[in-house]
Amino acid sequence: MVRFAMQALGAESPHQRGAKRSRSEPLVELPTSPPLPLQLQEEEHQLAATFDPDTLDCQICMEPLSAPIFQCSNGHIACSSCCQKLSNICASCSNPTGKIRCLAIEKLIESLHMSCRYAEYGCQKMLKFTKKRGHETSCPYTPFKCPASECSFSGAAKSFPEHFLEAHQTRTLDFQYDVWFTVVLNPTDLHVLLKAENMVFLLHYEKEALGNIVYVSFFGAPHREEFFSYHLAVKSGQTRLTMESVPRSILQEDKRSTNFVFIPRPLNVPEGLVQVELSFHHPGEAISALHINP
Numbered sequence: 009m010v011r012f013a014m015q016a017l018g019a020e021s022p023h024q025r026g027a028k029r030s031r032s033e034p035l036v037e038l039p040t041s042p043p044l045p046l047q048l049q050e051e052e053h054q055l056a057a058t059f060d061p062d063t064l065d066c067q068i069c070m071e072p073l074s075a076p077i078f079q080c081s082n083g084h085i086a087c088s089s090c091c092q093k094l095s096n097i098c099a100s101c102s103n104p105t106g107k108i109r110c111l112a113i114e115k116l117i118e119s120l121h122m123s124c125r126y127a128e129y130g131c132q133k134m135l136k137f138t139k140k141r142g143h144e145t146s147c148p149y150t151p152f153k154c155p156a157s158e159c160s161f162s163g164a165a166k167s168f169p170e171h172f173l174e175a176h177q178t179r180t181l182d183f184q185y186d187v188w189f190t191v192v193l194n195p196t197d198l199h200v201l202l203k204a205e206n207m208v209f210l211l212h213y214e215k216e217a218l219g220n221i222v223y224v225s226f227f228g229a230p231h232r233e234e235f236f237s238y239h240l241a242v243k244s245g246q247t248r249l250t251m252e253s254v255p256r257s258i259l260q261e262d263k264r265s266t267n268f269v270f271i272p273r274p275l276n277v278p279e280g281l282v283q284v285e286l287s288f289h290h291p292g293e294a295i296s297a298l299h300i301n302p
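In my numbering, each residue carries its 1-based index in the sequence shown increased by 8.
Treat each hint with caution, since some may be false.
[As the list claims (entries may be wrong)] Restraint ranges, calculated between C-beta atoms of paired labels, are given here:
(1) Phe161 to Ser102: 49 to 59 Å
(2) Gly280 to Glu234: 32 to 42 Å
(3) Glu114 to Lys215: 57 to 67 Å
(4) Glu144 to Gln177: 28 to 38 Å
(5) Gln246 to Gln177: 25 to 35 Å
(6) Glu174 to Glu234: 28 to 38 Å
(7) Thr63 to Gln92: 21 to 31 Å
(8) Ser162 to Asp60: 17 to 27 Å
(9) Phe189 to Thr63: 48 to 58 Å
(10) Val187 to Ala127: 32 to 42 Å
(11) Val187 to Phe161: 27 to 37 Å
(12) Asn82 to Glu234: 43 to 53 Å
[Claimed, not checked] In the DSSO-like style, the derived pairs of lysine-lysine whose C-alpha atoms are separated by at most 30 Å in a straight line are:
(13) Lys107 to Lys136
(14) Lys243 to Lys203
(15) Lys133 to Lys166
(16) Lys153 to Lys139
(17) Lys115 to Lys93
(18) Lys139 to Lys166
(19) Lys166 to Lys140
(20) Lys136 to Lys153
(21) Lys153 to Lys140
(22) Lys215 to Lys203
(23) Lys136 to Lys93
(24) Lys166 to Lys136
(25) Lys133 to Lys203
(26) Lys153 to Lys203
(27) Lys139 to Lys93
(28) Lys115 to Lys140
(29) Lys166 to Lys153
(30) Lys153 to Lys133
(31) Lys136 to Lys115
(32) Lys215 to Lys243
(33) Lys107 to Lys139
(34) Lys140 to Lys107
(35) Lys133 to Lys115
(36) Lys140 to Lys93
(37) Lys139 to Lys115
(38) Lys166 to Lys203
(39) Lys153 to Lys215
(40) Lys93 to Lys107
Hints in this document: simulated from the structure, not taken from any laboratory. A virtual CB, placed ideally from N, CA and C, is assigned to each residue, including glycine.
Using the sequences and the hints, build the whole thing.
Encoded structure:
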């Protein structure tokens with residue numbers, strides 16, 4: 009739903025309506041009541057409306073419009089960036105553009121408040137149109153598809169510990185950044201969820217013909233990968249295999265790429281237990297990847 013402030017055209021104020029009252033009409037004294045809170049008073053000047061938000065995209069670059077917005081003499085609008093790229097020639101009619109501001113659309117966009125595209129997954133924020141895209145790139149309710157094979161579940165990052173436990177009997181381990189910890193994998197393990205502060209990582213344990221593969225991914229957008237790094241060491245019997253890498257986003261089609269540890273089958277101990285030692289690191293500043301609400 010799109011919500012914006014708008015004052016009804018032609019609406020009369022209470023003072024104007026009272027001035028038109030007939031003098032022969034008796035006056036009625038109404039009981040007094042305390043004034044409405046400011047927030048409620050402002051709500052009276054707002055309307056709720058629904059429309060396709062794509063109508064407010066620039067028809068040239070298809071990006072959301074933002075001020076300054078220009079129009080040609082025929083009313084075709086374009087964003088400032090596209091006007092410059094097209095040498096201030098309208099893409100629709102070839103008339104000059106880039107000088108006349110479309111103030112009506114600018115004011116409309118400035119007043120718009122829209123729900124997050126991930127509202128159905130739990131996000132309840134109402135966002136200014138100009139801030140919507142920035143919020144959605146790091147919204148904690150961005151949905152992810154479950155990486156388990158033949159599972160159709162999709163949900164926010166914070167829903168996966170419970171989902172993996174109930175649907176896949178997968179455990180979740182808590183850890184601290186920059187502190188080594190150990191995960192013991194048994195032959196039936198496919199994944200182990202790892203949770204630190206407000207982030208969820210996934211330890212993958214894949215079985216191949218010649219051995220097993222171990223690597224880590226995380227529930228977050230691909231452009232957030234640079235915020236994290238991890239060390240992984242696998243102990244199997246007397247053998248120790250190590251790797252330093254960056255976890256791939258769970259959204260990547262090839263999450264493991266070349267960043268994994270391969271454990272040759274002869275190295276597996278008889279009972280099939282594999283000891284994995286891990287340490288994660290992130291920069292000192294606040295991580296803006298997809299967070300889990302506490």
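Evaluation of the provided hints:
1. Range check, Phe161 to Ser102: about 51 Å between beta-carbon atoms, so the 49 to 59 Å window is met.
2. Remark: the range hint 32 to 42 Å for Gly280 to Glu234 is upheld by a beta-carbon distance near 35 Å.
3. Between Glu114 and Lys215 the beta carbons are some 58 Å apart, a value that agrees with the proposed interval 57 to 67 Å.
4. A C-beta distance of roughly 33 Å is found between Glu144 and Gln177, which places it inside the suggested range of 28 to 38 Å.
5. For Gln246 and Gln177, the hinted distance range of 25 to 35 Å is satisfied, since their beta carbons lie about 31 Å from each other.
6. For Glu174 and Glu234, the Cβ-Cβ distance of about 33 Å falls inside the hinted range of 28 to 38 Å, so the restraint holds.
7. Between Thr63 and Gln92 the Cβ separation comes to about 23 Å, which falls inside the hinted range of 21 to 31 Å.
8. A beta carbon spacing of about 24 Å between Ser162 and Asp60 agrees with the range 17 to 27 Å that was offered as a hint.
9. Roughly 51 Å separates the CB atoms of Phe189 and Thr63, a value that falls within the hinted 48 to 58 Å.
10. Distance hint for Val187 and Ala127: a CB-CB separation of about 37 Å, consistent with the stated range 32 to 42 Å.
11. Between Val187 and Phe161 the beta carbon distance is about 31 Å. The supplied range of 27 to 37 Å therefore holds.
12. Remark: the range hint 43 to 53 Å for Asn82 to Glu234 is upheld by a beta-carbon distance near 46 Å.
13. Distance restraint check for Lys107 and Lys136: the Cα-Cα separation of roughly 26 Å lies within the 30 Å cut-off, and the hinted pair is therefore satisfied.
14. Between Lys243 and Lys203 the alpha-carbon distance is near 22 Å, which keeps this suggested pair within the 30 Å criterion.
15. Between the alpha carbons of Lys133 and Lys166 the distance comes to roughly 17 Å, so the proposed pair stays at or under 30 Å and holds.
16. Between Lys153 and Lys139, the direct Cα distance comes to roughly 26 Å. Compliance with the 30 Å bound is thereby established for this hinted pair.
17. Of the pairs offered as hints, the one joining Lys115 and Lys93 holds, with about 24 Å between alpha carbons and a cut-off of 30 Å not exceeded.
18. Simply put, Lys139 and Lys166 have alpha-carbon atoms about 23 Å apart, close enough for the 30 Å limit, and the pair holds.
19. Using a Cα cut-off of 30 Å, the hinted pair Lys166 and Lys140 holds, with the two alpha carbons roughly 21 Å apart.
20. With a CA separation close to 28 Å, the supplied pair Lys136 and Lys153 stays within the 30 Å bound.
21. Taking the CA atoms of Lys153 and Lys140, the gap is about 23 Å. The hint holds against a cut of 30 Å.
22. Our distance criterion of 30 Å between C-alpha atoms is met by Lys215 and Lys203, whose separation comes to about 24 Å.
23. Only pairs whose Cα atoms come within 30 Å are accepted, and Lys136 paired with Lys93 is accepted, the gap being roughly 27 Å.
24. For a cut-off of 30 Å, the pair hint linking Lys166 to Lys136 stands: about 25 Å separates their Cα positions.
25. With a CA separation close to 25 Å, the supplied pair Lys133 and Lys203 stays within the 30 Å bound.
26. Distance restraint check for Lys153 and Lys203: the Cα-Cα separation of roughly 18 Å lies within the 30 Å cut-off, and the hinted pair is therefore satisfied.
27. The straight-line distance between the Cα atoms of Lys139 and Lys93 is roughly 24 Å, inside the 30 Å bound, and the hint therefore holds.
28. As the CA atoms of Lys115 and Lys140 are separated by approximately 16 Å, the hinted pair is consistent with the 30 Å bound.
29. Taken as a hint, the Lys166 and Lys153 pair is honoured in the structure, with Cα atoms around 13 Å apart against an allowance of 30 Å.
30. Under the criterion of a C-alpha separation no larger than 30 Å, the hint pairing Lys153 with Lys133 is consistent with the structure, at around 23 Å.
31. Restraint check: the Cα-Cα separation between Lys136 and Lys115 comes to about 12 Å, which is no more than 30 Å; the hinted pair holds.
32. Only pairs whose Cα atoms come within 30 Å are accepted, and Lys215 paired with Lys243 is accepted, the gap being roughly 17 Å.
33. With a C-alpha separation of about 26 Å, the suggested pairing of Lys107 with Lys139 holds against the 30 Å cut-off.
34. About 27 Å separates the Cα atoms of Lys140 and Lys107, which keeps this hinted pair within 30 Å; it holds.
35. The straight-line distance between the Cα atoms of Lys133 and Lys115 is roughly 21 Å, inside the 30 Å bound, and the hint therefore holds.
36. Between Lys140 and Lys93, the direct Cα distance comes to roughly 25 Å. Compliance with the 30 Å bound is thereby established for this hinted pair.
37. In summary, the hint linking Lys139 to Lys115 is supported, as the alpha carbons are separated by about 15 Å, within the 30 Å threshold.
38. Simply put, Lys166 and Lys203 have alpha-carbon atoms about 10 Å apart, close enough for the 30 Å limit, and the pair holds.
39. Restraint check for Lys153 and Lys215: satisfied, since their Cα atoms lie roughly 21 Å apart, inside the 30 Å limit.
40. At most 30 Å may separate the alpha-carbon atoms for a hinted pair to count; Lys93 and Lys107 meet this at roughly 14 Å.
Hint compliance for this structure: every hint is met.
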